[in-house]
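Asks: Each chain is listed here by its residues.
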Amino acid sequence: MKTFKGGIHPPEEKDLVKNNPIVDLPLSSVFYVLVQQHLGAPAKPIVKPGDEVKKGQPLSEPLGFVSAPVHAPTSGKVTAIAKRVHPVTGLLAPCIVIEADGKDEWVEGLPLNRDPFTMKKEELMGAIQSAGIVGMGGATFPTHVKLSPPKEKTIDTFIVNGAECEPYLSSDHRLMLEQPERVLNGMRIAMGILGLNKGILAIEANKPDVIKIMEEKAPPEIMVEPLKVKYPQGAEKQLINAITGREVPSGGLPMDVGAVVQNAGTCAAIWDACAHGIPLIERITSVTGRGIKHPKNIRVRVGTPIQEVIDFCGGLTEAAKIIYGGPMMGIAQFSDQISIMKGTSGVLVLTEKDTNISWYSGCISCGRCVEACPMCLIPSTLSKLGEKSMWEMALGNDLLDCVECGSCTYVCPANRPIVHFVKHLKALQRAANAKKKGA
Amino acid sequence: MAALILGISAVTFAVEMDPREKAVLDQLPGANCGACGFAGCAAFAHEITENPEAEMACPAVNEAALNAMSEILGRDLGGGAAFVAFIRCKGTPDQTETRYNYVGPKDCRAAQLVAGGSKACQFGCLGLGTCVDVCPFGAMYMGEDSLPHVIESKCTGCGKCIQACPRGIVQLIPSSGNFCVGCISSDISKDMKQLCKVGCIKCGICADVCPFDAISVAKDKAAQIDQAKCQTCGLCVSVCPTSVIGFVHTPVKVHVIDEKCKGCGICASVCPVDAISGIIKQPYTVNQSRCIGCGMCIDMCPADAIERNIS
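Which chain is which? The protein sequence lines are S and F, in order.
Oh and the first sequence: position 391 is 391 in the numbering used here, straight run, nothing missing.
Oh and the second sequence: position 244 is 244 in the numbering used here, straight run, nothing missing.
Hint data in this document are derived by calculation from the structure and do not stem from the laboratory.
All of these numbers come straight from a predicted model, not from anything done at the bench.
Even for Gly, the Cβ is constructed at its ideal location relative to N, Cα and C.
There is no bait here: all hints are sound.
Below, a sample of chain S positions facing chain F; criterion: calculated Cβ distance under 7 Å:
| id | residue |
| --- | --- |
| 1 | L91 |
| 2 | F334 |
| 3 | I357 |
| 4 | H420 |
From chain F, some residues computed to sit far from chain S (all C-beta separations above 12 Å):
| id | residue |
| --- | --- |
| 5 | E16 |
| 6 | D18 |
| 7 | A31 |
| 8 | V248 |
| 9 | M296 |
| 10 | I298 |
Hey, can you work out the whole structure from these sequences and the hints?
Replies: Encoded structure:
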């Protein structure tokens with residue numbers, strides 16, 4: 001079975017939620033839609049307090065190409081444009097507050113019913129862009145940018161990431177199992193846009209039910225590729241390496257080796273946008289972990305307050321830590337004043353037993369992090385440089401090639417927060433660059 | 001044998017150095033902090049000796065050394081005011097709310113990356129001591145209150161701590177000045193109070209009482225002392241309801257020398273806190289519990305009859 005070099009195999013912990021079918025979360029009475037739910041240029045709110053909005057209506061206008069709008073998750077009234085904690089940055093960020101009227105009416109003209117396979121490439125791209133689709137694995141990079149590589153790059157490989165290598169999470173698993181057509185059709189649209197006649201759907205071997213159903217349903221141009229169960233199998237560069245054997249050059253992007261990777265959830269959203277004109281206003285999220293009473297896979301509107309999600313899943317039990325995303329790359333939350341975002345692939349509630357809250361000690365040079373690093377870096381050296389804030393020297397140790405997957409931190413017997421050190425060094429480098437530019 | 005070779009080569013290959021350069025180097029702090037923009041003290045000594053246009057770029061040099069260097073180089077290097085660092089936060093862990101438990105690299109800049117830091121006040125000191133770590137002169141230490149403290153006698157005002165602090169709470173104040181507001185919060189008072197018990201509440205009393213109009217304060221800006229205008233009277237410290245205004249040197253109170261006092265009463269009329277009282281033509285007395293040590297009376301006394309207490 002195909003895979004990449006390095007990596008780790010943490011306990012999968014997927015049994016908590018992987019057999020629970022997707023259920024709809026009842027409509028919340030109030031929604032908090034953050035304006036910035038993507039990577040890239042900011043977007044500007046185009047509604048004001050007091051405005052009546054309908055489900056699917058755009059609420060913001062992107063400022064620039066690498067940007068994405070957000071849409072009203074239901075019909076109702078905008079009550080405020082307030083500042084709320086952003087789950088990714090932890091800082092206060094502009095947020096559109098919508099009080100639902102309970103009617104859940106679509107904006108006029110939606111949903112459409114059209115055949116996306118007869119549409120022109122420009123029309124499809126326009127539909128994806130205006131639907132505000134971003135990478136739904138968690139990185140939230142605008143999808144239309146990824147689907148429009150510059151002309152000089154030849155793209156010959158399209159990979160859909162159904163690996164879901166993060167422990168605990170099963171949202172992509174349930175999506176592919178219950179709605180394989182959405183994923184496969186979305187894939188075909190993306191392949192059409194890229195001008196390719198074949199695509200690869202990569203799935204980790206711990207999801208045999210999905211592999212079976214996909215092999216049955218997939219059209220001949222789509223190949224289902226089972227992958228070894230290993231973290232970070234779903235990381236873009238590792239996925240490309242495992243499937244094609246190609247290595248994305250240092251500082252390069254997947255398109256430099258002729259590959260484009262999209263998440264399975266993103267493909268489903270592409271289908272909704274192209275076939276029905278439906279913007280990205282809901283997603284499938286795993287609410288899991290031993291700190292939640294009844295782990296569930298839910299279909300949830302973007303902007304739903306986290307409290308409603310937790311209440312729907314029976315509330316918390318001995319919760320010690322709430323994480324947006326998976327345990328490896330997810331972001332721990334300090335506030336309950338947050339809402340579901342486009343990139344929230346999971347809400348993970350860990351108990352004290354499952355977390356490791358302890359201070360670190362000096363590097364014992366055991367080399368386990370070197371073995372685990374999927375990018376073939378030397379994390380121990382980077383962590384020591386991080387301790388001394390020596391970012392210039394770290395650049396010479398390929399600092400910028402680190403994908404921050406956390407494998408090194410996971411295996412470190414000295415509890416060293418290696419990824420945090422790397423982020424610290426990267427931030428120092430960015431600050432120095434900005435200063436140089438300004439001077 | 002080896003010693004002989006080394007001895008000969010030391011003489012043969014000795015690098016000729018301008019003796020003035022050596023003398024200048026001896027006067028520089030020798031911390032190689034880089035604040036001047038050169039690669040260490042030796043590089044800067046070379047530059048300032050060789051280039052007659054070069055200006056004094058070392059912020060850490062004291063006045064005596066500056067005068068010595070002016071003499072060595074035979075040109076005026078300017079009077080370069082000395083500065084001292086001041087920590088503008090008084091939010092100890094028991095006074096300021098915490099948003100979460102931080103476990104990670106012991107560096108404030110790294111802690112700032114995690115949701116903007118664990119301290120609830122986004123302006124407050126993160127207390128991991130990065131300023132202390134970068135200080136090339138050992139002039140700072142972390143106190144038991146988890147806040148950094150400046151050892152005024154060692155601080156040279158090089159400004160390394162300012163560059164390192166992700167929250168910008170270190171300010172340089174001229175050593176002629178003495179007072180600084182220990183808070184930079186731009187939150188309005190109501191919001192700030194929920195997060196911290198000791199921050200500036202922007203009441204503006206300090207600005208009102210300042211006889212020199214040196215303090216500015218706004219609803220969304222903590223009080224700021226204009227060091228150019230401040231005459232170090234310390235009146236602001238005595239009126240601040242939250243005791244957020246701090247000082248480098250503790251103000252020393254004054255007393256009247258009875259033998260010299262002519263009883264003119266000028267001191268009583270200039271005293272901003274009405275601490276001096278007396279009867280005309282008899283020695284005046286200073287109420288020690290009211291005196292704030294501003295020294296205005298000393299400046300005004302025609303008989304030099306007022307002096308500071310021995311501290």
